[in-house]
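Going down the list, the sequences are from chains X and Y. Start counting the first sequence at 64; every next residue gets the next number (my numbering). Start counting the second sequence at 824; every next residue gets the next number (my numbering).
Check the hints yourself; a few may be wrong.
[Claimed, not checked] Derived Cβ-Cβ restraints for the label pairs, each shown as a range:
#1 Y:S961 with X:I291: 28 to 34 Å
#2 X:D136 with Y:A989: 52 to 58 Å
#3 X:G206 with Y:K977: 33 to 39 Å
#4 X:R312 with Y:S859: 32 to 38 Å
Honestly, the hints are just simulated from the structure, not real lab data. The beta carbon of each residue, even a glycine, is placed where N, CA and C say it ideally should be.
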Amino acid sequence: MEQFVAWKAMMSAGEPTTIWQQFYVLFYQAFIENDRWRQYLSGVGTTLYVTVLALVLGVVLGLIVAVVRTAHDLQRPGHKNVILGFFNGILKMYVTVIRGTPMMVQLMIMGLVIFASSRNFVMVGALTLGINSGAYTAEIIRGGLMSVDQGQTEAGRSLGMNYADTMRFVVVPQAIKAILPALGNEFIVLLKDTSLISVIGGKELLYAARSVAARNYEPMYPYVGAAIVYLILVMIFTKLLGIFERRLRASDRR
Amino acid sequence: MIDVKNLTKDFGDLKVLRGVSQHINKGERVVLIGPSGSGKSTFLRCLNLLEIPTSGEITFEGQLITDEKCDINKIRQKMGMVFQHFNLFPNMTILKNITIAPVRTGLMNKEQAEKEARELLKRVGLEDKADSYPAQLSGGQKQRIAIVRALCMKPDVMLFDEPTSALDPEMVGEVLDVMKELAQSGMTMVCVTHEMGFAREVADRVLFMDGGVIVEEGTPAEIFGSPKEKRTQDFLNKVL
């Protein structure tokens, strides 16, 4: 602490300092002074919280969209269900709009137009991210469901199992194995995209870094620090995903 | 047991079945032969409504199954089916493959189903494979498991859709042996196959299909010994 004050005074007075002393001062003021690491930590907490919320929302939305669209596409020609067609149209529009506009714009519209009066920026951010993620997840899940051999469904149904049981025990478990790499990728994108909610005032990790940078007039340490934290989070996530995938592949061994 | 009247099936503009009528009796073993694209598999798949017929009626055990109100899941529980590509569930152990349907449809509880499954596995000589996964088995073993899986539902009729066509030649015998044993036990069987030897040995009646209709039918001796129709003769000359 005394060292920091002394060296900082030397630096601001323009006296010669070693690189080590500069590093110490800038690092100290970026992360330790005034317990700033707490800001980062709560930022990481918010980041993870938003990621998980958006993830759950995204997967639920994606599953609904994927199931409705698959069911719609599997109907026999000439026997289309009108209600299913109606929902299919709406969901198709949802996917088109969400995939066709930038995430940043969606956040701005949600945060500053639709929920302009809300002060709960984190929830608005999580909601927007979840809705966004759902559109991508839907296509991933749909692809996974379609990748399972038609013969699997036929075998299940020929044994007298109903559609729901066949999906639940036969098709979906196999689809999960196929979609997990793509889904993991989507989750990683989502984790990083939480940084965008700082533009509508969500106090996550990047928001913390930015406020520290503004306070000290020194951007390098807070931003590189934030980058390293994101990197570590993604690496942990990738590792967990790898373990999960290996366990799912247990039935492939010979 | 199964009664088919004027069955037709179109895929778009392609007419695959052009009016098939048949009656299959209880305990009868019917073998369908014919060139590829003749509609044999489609006919078989219509019997348990894996393909929805374009027109015509199918009655099974007195119930009109082509009727929209009919509960097809209940019907299918009484009709076992064996596929060309086995279609075992790769995400489940062999025991689970066999027991999932009887348990989920409420036919048996888990203990009963497992006991039944192990007995059937013993019958086909694969009792040691109960805890293996399908990927660990050979083609012939997979197909025997697929037969057991269908049998565990205690079906009244077994449908075989080219059960040996995807097998290596040395594995055909083991599957045919299981099917022969099944035939001897009195099971009603409808079998699409290219195994003429099997047809001759097991069938009560052979149906020759071509161009979406049944061209000729008769006992194996009639069909293989003295086919009447030109198309049957041509086909048999090519395959025998």
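Status of each hint after checking the structure:
{"no.": "1", "hint": "Y:S961 with X:I291: 28 to 34 Å", "verdict": "violated, 52 Å"}
{"no.": "2", "hint": "X:D136 with Y:A989: 52 to 58 Å", "verdict": "violated, 28 Å"}
{"no.": "3", "hint": "X:G206 with Y:K977: 33 to 39 Å", "verdict": "holds, 38 Å"}
{"no.": "4", "hint": "X:R312 with Y:S859: 32 to 38 Å", "verdict": "holds, 36 Å"}
Of the numbered hints given earlier, the model fails hints 1, 2; all others are met.
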